[in-house]
Every structure is written in C-alpha cells, then in structure tokens.
Amino acid sequence: MKSIIQLVVNGESVEIAVEPNRTLLQLLREDLGLTGTKHGCGLGDCGACTVILDGSPVNACLVLAVQARGRQVLTIEGLAENGNLHPIQKAFVDKGAIQCGFCTPGMILSAKALLDTNPKPSETEIRTAISGNLCRCTGYQKIVEAVQEAAEVIQSTEVS
Amino acid sequence: MEKQFSVVGKRLPMVDAAAKVNGSAQFTDDLTFPGMLHGKLLRSPHPHAKILNIDVSKALRLPGVKGVVTGAEIPDRQYGIVPKARDEYALAKGKVRYIGDEVAAVCAIDPEIAEEAVDLIEVDYEVLPAVFNVQDSIKEGAPVIHEGVANNTSFAIRKEFGDVEKAFAESALVSEDSFYSQPVNHAPMEPHAAVAQYDPVRGQVVLWSSTQIPFFLRRNLSATLMIPESKVRVIKPKVGGGFGQKIDMFAKDFCAAWFAMKLGRPVKFVYERDEVFIVTRQRHPMHLTVKTGMAKDGRILAQQFLSYADGGAYNSTAPTMMALSCFFLMVPYHVPNLLYEGYHVYTNKPVGGAMRGHGIPQARFAVERQLDLMADRLNLDPADVRTKNSIKAGEPHPGGFVINTCGFAESVQLAAEAIGWKEKRGKLPFGRGVGMGGASFPSGVTNMSHISSGAVVQVGQDGGVNVLTGAADIGQGAETVIAQIVAEVLGVSLDDVRVTAADTGTTPLDPGTFGSGVTVRAGNAARIAAESVRKKLFECVADELEANPDDLVARDGVIFVTGSPEINITFPKALKAYQYKDLPMPLVGRASWMADTNEPTTLFTQPGNFSPNYSFMTQAAEVEVDTQTGKVKVLKMVTAHDCGRPINPMLVEGQLEGSIAGGMGQALYEDVITEKGQVMNPSFLDYGFPTTMEVPEMESIDIETDDPVGPFGAKEAGEGTQLSPAPAIVNAIYDAIGVNFNELPVTPEKILKALEEKKKQGV
Amino acid sequence: MTVFYRRLPKFDYVSPKTLSEAWELMQGTKGIDYQVFAGGTDVIPKLKRRQGQIPKCLIDIKGIQELDYIRYDANAGLAIGALASVYAVAHSCLVSEHHPALASAAGKIAAPQIQHRATVAGNICNAAPSADTAPALLVLDATVRCASVSGERSIPLKDFFTGPLQTALSDGEIVKEILVPRSSAGPSSCYFKLSPRRTLDLAVVGVAAFIRANNGKCDEIRIGLGSVGRTPLRAFSAESTLQNAKITEESIELAAKTAAEECWPRDSIRGSAAYRRAMVRVLVARAIKQCLSGKPLGTLC
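Chains as they are written, first to last, in the UniProt record's numbering: chain A, 1 to 160; chain B, 1 to 763; chain C, 1 to 301.
Just so you know, the hints here were simulated from the structure itself, not pulled from any lab data. Wrong hints could be hidden among the right ones.
[Unchecked claim] Distance ranges between label pairs, derived from CB positions: (1) B/LEU263 / A/ARG71: 47 to 53 Å; (2) B/ASP556 / A/SER13: 46 to 52 Å; (3) B/LEU509 / C/ALA273: 39 to 45 Å; (4) B/PHE33 / C/GLU97: 39 to 45 Å; (5) A/LYS2 / B/LEU263: 23 to 29 Å; (6) B/ILE673 / C/ASP159: 48 to 54 Å; (7) C/SER150 / A/SER13: 55 to 61 Å.
Every value quoted in this text rests on a predicted model; they were computed, and no experiment measured them. Glycine included, each C-beta is placed from N, C-alpha and C at the ideal position.
One chain only, chain A, in its complex shape (with noise of 0.2 Å):
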C-alpha cells in the first residue's frame, strides 16, 4: 500500500506517495526526474547511485524511498550553486576525471561527503572515500588528483 511521504530533496520539500518496496534510486529517478543519479547494479556493489542523505553518502538502490521520510537528500542536481559549478564539479572537468561520465555523479558526491567533514585529506583518505564507486574507464588517477585539487580550492576560497 503507497504511503505519503515528505522529504528534502537538493534543498526542496517534496511530497509524494510511494509503494513500501521503491527504493530512493526509483523515486529520485523516476518520480523526480532526477536522473544524475544511476542505476549501476541495484546491489551496492557500485556506487553509482551515490546520494548524500542527512549528511552520509549512502548507496540509494540500498534505501527505501520510505526511509527517506522526513531527510535531506542531496544529489548532483543539486550540487551546482546560481548555475555554478562546486569546486569538486570544476575540478572534475579540469582534470579529465570524468570519461563516460556514468560513474561521476556518485563519484563526486562521495568526495562531498569527505571534504564535507575532511577538509584536507590525504590521498589514502581520498582513496578510502571514493573506494565503494567503481570506475571502469579512467583508472581513477585523474579522479583522485581532482578531488586534491577540489579540496585545495576550497581551503583557499575559505581562508580568503
């Protein structure tokens, strides 16, 4: 039986009736139309339907829509400020951390999550970060020097 649910999604309220076995992927993707977050095995074993939910990256294939009551969810539609890019988004491009591009969007809210609470990672925390999002094309390097970059630019636009 669908329930009404009420959640934050990239900082809007939303409403919305969802049967108990929806996951968060389907209603993001399918209710919401926010498909730049995707469906990559539906088991966790990914991450590219890496989503920030009250602060945590969590898998959303993993989470039921109706856990997602009452939470903040945060995906890459939201991540962009006025039309602007984060710092993690630009540095991303900068560096050719992205190829097919499947991957990125639960790659980089992944780096969100860490710079969000580390600031100044190292590269094995870098790593560590981003270690439940499989990458097949890029070989990970341009991504990890990315999310470097992106916390650099952060630091430096904080202090200034």
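Could you slot chains B and C onto chain A? The hints should help.
Chains B and C only, in chain A's frame:
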C-alpha cells in the same frame, strides 16, 4: 618561433564534461516518453535445449501486460556484426544455446509487471547435451551447437609468409609454449539499454540505444525487422562505457523496436547488471601455442601460432577478432617468417565479442611472456631483446604493413628508464620485481572493411560552428577530439564548436567506435570538411589581405598572412565580409574519408596494409608479491606511448590510466567463472574489477611522432595500451619470485601453489 | 535463472519508533512473515535477488532512536547500540582505543556508502560466515543483549551463530545492543581480512586475535575466524595450545597450524578450502604477532 597549434595538443576538458558533472547528461535509461512501456526478457535456464512449446497465456492475462513475443513470431532473419558470420536471432527459434539465451519478451505498463509476466511464461524444453570447452567441442560426435557447422568450428584462418621450417632450423633456440587467457567481462558502468518509438505516419522507428555503432545497428535492425534502413533511425545518447561490449545488436534493441511498432507506444528495455555479465559479450577465452625461433642474439627468426578461441554460443565478431589476433601477434616486432592457424569454436557458454584490444590481449600475453622466457633461456636482457626486434618506420614489412612512424624502440628505452630497469631487474629482494610488455595497435582498419566516415561542418552567421559526425562517443572523448580538430583548422576556440553526433537520421555515415579508428577516420573527415570551409573563407578575404589564399593561416580567431601576422582579419569580420559579398550562408564543408586501400585483397592470403597507421607502446610494471598469501600488489606502472601527435594529451593519459586498471584486472583479478555454462560471479561484487585502492602509481610518457596519415599527426590511443599491462605484470611476477605463469589470471592461489612446487623441486 | 530482477518484490513496511511498538507489530506473526532490518544493506540485495522466502512485511527498526549509541564505561565496558552504524563504530575513538579489532573490522566492511547504512548489530544478525565484525567480537568476548515482549536475555556471541545466516534469536526477539567487556589487556586485539580487493569484497578469510601476555607468557588468548566454516568461529584448540604457554615463534606457529586444522572451510568461487586453510595459518600467526607488537594499526577515528 611561430606556435604550431592552438587547440590541438592541448589538455582541454571534454566538451560534454559539464553535463556529466551536473547530472544533465542523458544516457539511454534516463530517457522517458509519455505512455512509455517497459520490456523484459525471458532467458533460457539451460545451456543447450530444444524449445518444444511456449505458453504465454498466463503472462498475457496479467493486467498491465501489453504484449508478449516469442522467437516463433519474429522474421526468420539472423543478424550479426560481420555479414558472413550472422548466426543470431533476437529471440531463440526452436533452440537455446547458452544459459541466458533469449526465449521471449514481454512488454507492460511498468517494470514490475513486466518482470512478473516473464515469470508466468511456461516453456517446455528438451534438454540437449552441451559442451563447455573447446577441447570437447571440436571432438567428433560432439553436440552440434549450430546446424551445419562441422566440429563446432565456425571460423578458421591460416596466414603464412616466409619459410617457418627453414628459419626454425637456423635458430639458436626454438621454444614452444602454451598459454591461456581467461574470459573477461567489459563491465561498463552503464547497463545496456534501448528505447524505441514508432511514427506510424512515416512508418519510421526511432531507437535510442547504448550502442557503439549506430549505423551498423541500423543495418541489423533493418534486416531483422524487414523494413528499409531509411525507416530506421538510431540515436546514440551518452553511453556509459562500452569497451567493445556495445558493438553488437542485442535482443533489447530488436524487442524495443518490435513492440514499439506493434503497439504504437514507446518501449524501454534495460538490462540488469547480472544480464550485462551473462548475456552480452566477453573477451574470448583463448588457448594459444606459440613456437618461436630465435637467433643467439635474441632476434626473432620465425613464429608459429596455433590458437583456439572459445566463442561461446554465437559468432559476434569472430572473423574480425581472429584476424586481429593474428595480425597483431607479429607487431611491434619484426617477424620475418610466420605461420598462424586460428580457430573460433562454439561452446554452450556466454558469447565472446570485441573487447578493448579485440583478440590481441590474449595473443600479446602469449608473445610477451614467451619473449621473456626465451630471453631468460638465452641469458639476454628482455628489454634489449624487445629493442632489437622492434620494427622500424619505413622498413619493408613481411606482412605488407606500411609503418609510417614507429616509436617502439624508444618506448622500450623510456619505459625501462622510468621503472628503473637496470637497477631493479633481477636485483630486487625476493618478492619484488619488474617486468615489461610491448604492443602495437591499428588506428582502424584499411583493407577488407569497406568503412569510411563522413562529416559536415557548418559555420553560421554568428560564427558558431556546428559539426555533424556519425562518430560514436562512448566516453573516450571522440566528440571533443573532433571538435578540437575542427577548431584548429578554422582557427576558432573549442567553445565555438558544437558537435552533433551519432544519429543516423541527421549525421553522416560512420562505422562507429571499434578498432580504435575514430580519431584517424572520423577525425580526418572532420578535418577535410573544416578545411573546405576554411578555403571558402580564405578565398573570400584573400583580396582584402592582398595575399594568395594558400598563404593564409587561421588561428586564435584571426586569419592572417603566413609570416606577417600583422596583416590579418578577425574571424567574425571575415564572416561578415563573406556575407557582404552575397555569398550564401551557412558556410558548409563536407567530406568523407577512408584509408587508402589496395583492395581487392584478403590479407589472409596476400600481404597488405592493415591500418592507416599504428600506435606503439611499452608498459613496465613493478610488483610486490606477498609470498605467504600470494597476493600481488602492483606498485607502479609506466606507459611509454607513441600515438603520433596526441590531439588531447589529457584524454590520451586518461585512456592509458584506464588501460592500466583494465590490464591489472586481466592479469590478477578478473575471470568470468562458469560451471556447466552457468556464470557463477555475475556481479560487481563477485567479479571484482580493481577499485581505486588497487591501482598503482601511474606514469605516462609521450613519444610524439608526427604521422603523415592521421589528422594533425595523430594515431590511435587507448585500445593498444590495454595489450601490454597484463604481460608486464606477469613478467614482473616472474622477476619477483622466479615463477612462470602462462595462464591468466594469476590469482594468489596459483602463486602459492607455484611457490610450493618450486620449493618441492628445490629450485 | 530465468528472470533477471531489477525490482524489489512486493512487501509491506512498518517503521516502529519504540521497541514495544516493534513487538506489538510482531505479535501473532511468525518469523517467516516479517523481517526485522536496520541498515538494509544485506536484506535489500537478498530481496532483490529473491534469495530465500520473501517476507510479508519489513520491520524497519532504524526509527528506534534510543538504540543508536556507542558508550564506554570503565566497569561495564563497551556498549554498541543496535543502530550504531558500521561507519560510526569504525570511526569511534572509544572503540579504536579499547578494542582496535572491532574498529578495524568495521572499517573493512564493504565501502563507506554501505558502512553509513549498515549496523554492527545487523552484521552480526545477518550471520554470514564472512561477517567481518564477527571474528573481532568473538575474540573480544562480546555478548548480544536481546529483548522481546517476554523480557531480555544475553547470549554470548560464541553461542549466537547457529548456522549459515542463522542465529539463536527467537521469534519476536530484537537485538538491543552488543556488549564488549572491559579488558585488562588494553588494546591488544586486531583483525586481518584477506580479500582480492582492499574494499567492497567479502572476506576470503578473516582472522581476529586477542591476547594478554606477561613476561613472555600468554595469560589469555582468543582467536576468531571468518569465512572458514558454517558460522564465524572461535579457534578453541588453537587458543589452548598457547594458553599459559611461553610465546615463541614455535608456539605461535603451532597455534596458527592448529587453527588451520580446526576450521571447516569449503571450496567456493572466492577460494578453495585448501587455500583458505593455509591462509588461516598465515593470518593467525600474523594477528598474534600484531597483538604482541603493541604497535597500533592505523585507526580511522
């Protein structure tokens, strides 16, 4: 000195990078249409069985189901990427040949109902005896997988030049070794998807598909649906990686189009991850025996190969794969005498297809491994042996290849230096070692392919440039490279160029993304189209600049006279001038390009050039082996790489780095494990390709050669680099622990077993 | 395999806010009718793959906020509430300081996204032989406190696992917390995980050790093993070879060898029984030496 280029050779972000970081880039599964239905396929639970009866009545009665189709209802038209090797139906007709073979398709108002309906279809099978390996499959009396294919051998090739026997007799050392490469899944992050829509007025079906080859897909759809190509439009949205796996047409493409035509509503099919692992394609498992004769100084005098590829249930790209495997066994080395025999054999297992390197990674593993073995037997340095045997640009090639540029010998030296070869090889403590592997790859195919690319370049009144190309960007950056080429030719910035690509309804013909031919083939078409636009503009402004059009240069938004940059006109002013002369807008340039051929030739029996040009590379690895657990850590991987002049070095590096992860997977981690035809590890979790925690430090060294055929001197990048990481790693393992591995992947268990053996033998 | 499911099966969902509310919901039903879950990182993939019986109703206890805690008391020891996430435990300084094996094991589960959703109690209740926190909690002598309408009881973890994916929990029982007693030995425990990749994978072999030694003599030792039997195991025989013995290369090796002999690995795609057995030997020796070295392994806190 005047700078040579402004856009080409620059580390520029991909033109669609912003869309990919903000979530707006649309992949096939991101598309929805009003009234869209959802499809699902019923697949065979048996590796080999006759279909006696299919009862779809229960499925049809399920509320929400809009249609069911079985193999009996679809046209009797087989498809396949290679015309002479067509052997597949979108839905099985009478017989299934592997676990996962498509039996029926359902279409419903939502995906849940489609899944439920598939579960309600009842199929009576008569289970047939099945074969699961090449050895059993080629035996007399083995179950026949495809009627009329003797010994289940669907394709055989033999290539010979020189006198192998004579050369062996003259060799100081002749070694014969056997190798095996495992099945590897491409595992692109985006699962395969298709959405179809039908226009009953025009009688046209439009298919959005996660494909690498829109135009071939159009041809296959047209043939199997029995409607003209002009009534099929294939559009490639963003594709989330392909690596060869999205070259073939799949049941989802056919069935989406079929239902859309029958029901008049849009229909979507998306494969789940386990389907990607089981029912798409994989790199062919291959058994190879290599016999090589060497002179005392390490020169290769002759090579003889016998290879058996396990093709699984269908052909897919079999003939092409075998040909590539054969032709790129012999480069980057000078092999004066060669005999190659290769067989493609059916089994009741998942289907082999093109995968990054396409038949060559298996072959290169064998050759590069044996080269180290033989260097050891002759007490020579493997790096020296590689340099010594390197083919050279301009040198006559016994197979008829035309090598314009070749940085291979240099790549061996540079890779060796960067990894510390002299200090480390044979000198590191037990458990640590270095190794290398070399390779060469074609930039697309010249002969036997009949493929060419077209391009249209339009410049509008505001100076905006629109490029139409059929090239299929699957994440490698084809659209960016093409945009860079056009921007460079016209002297405009990358921002001024828009690319419209890979839509058979609007863009010119292009064979698609395979064989690493896109940059050279589609890039050259775009270059020539842009040059023809530029020529019109130069002719228009030549008078004003009091110069010969041939002496003009376009760069950084300005057209100027060579050697006198102060005599110039800006690009917008030139365009204005063009319009004021009442010349028609938009400015349009058109071109198509294909590599020079010397057809008719079949390269199997005659010498001939394979590709417009060839990339070369050496990869060197340093590894550390935990001799108690058998785990291997790759510490560093160097790639020294000749891809001509890289159009975008940042994208080239990305290709190299990605290949390292892929090569590591092939060497150490990945294997599609089957038991009686059933894939046992069809998930990212169980298949386990490398994460960011496994990849090593990476160093890329660019060896720039200016190729005369490639656009701005470019050659392929990215597919060739997938060939040598695995042998480099396995050769490094040999250096680390003194054990030879001729089978992939080299798992911790195999390492421990080998170390124990070694201990027993007291070596 | 004929259907490759992309969607979850149908089920009902309830989300009690208190334990008593949860018990009320479970009243009059049988265990097969409902499935209690917290993080969902084991339950949802299983449902998606249609593994086992599909429950009629999922009872999501993540809303019972009173169960979300990590507490340390100098006398009672460490208490991990049923809803404490794997990530919180892995990154807790309290846990790292007192029981490094547990922090380390939690940090080796899957990847951050899973760790944020999953709970340590859930890792234990799922009762997979490969559960990473199980060997660690076994060597830390943990107890599972569970409660039902009829009252509370404590089950020593060594008696908790009754078979693959089976526990000693009865119908209607919910785990409230996991208790790890205070230890006089200080932080001398560790967990080693062997898996092809350093992240995401299930353990091919997991080994935890705890040791208290004095003047080169072993006063107390526990060894926990994962992925080498029907359940996570204690290597009792191995422990007894070292108990009260002098610690030498030889005695460590004997314990390691004994542990390898007493476990029950099986062949699977992740590794052969023989390999797993051999790795138990290697990792047990390494784990004991690590504990004795007194050198801390890196912590995440």
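Going through the hints against the structure:
About 39 Å separates the C-beta atoms of B/LEU263 and A/ARG71, a value inconsistent with the hinted range of 47 to 53 Å. Taking the beta carbon of each, B/ASP556 and A/SER13 are about 49 Å apart, inside 46 to 52 Å as hinted. In this structure the hint that B/LEU509 and C/ALA273 lie 39 to 45 Å apart at CB is violated, the actual value being about 57 Å. In this structure, B/PHE33 and C/GLU97 break the distance hint of 39 to 45 Å, their C-beta atoms being roughly 57 Å apart.
In this structure the supplied range 23 to 29 Å holds for A/LYS2 paired with B/LEU263, their Cβ-Cβ distance being about 27 Å. Taking the beta carbon of each, B/ILE673 and C/ASP159 are about 36 Å apart, not inside 48 to 54 Å as hinted. The hinted range of 55 to 61 Å is not satisfied by C/SER150 and A/SER13, whose Cβ atoms lie roughly 43 Å apart.
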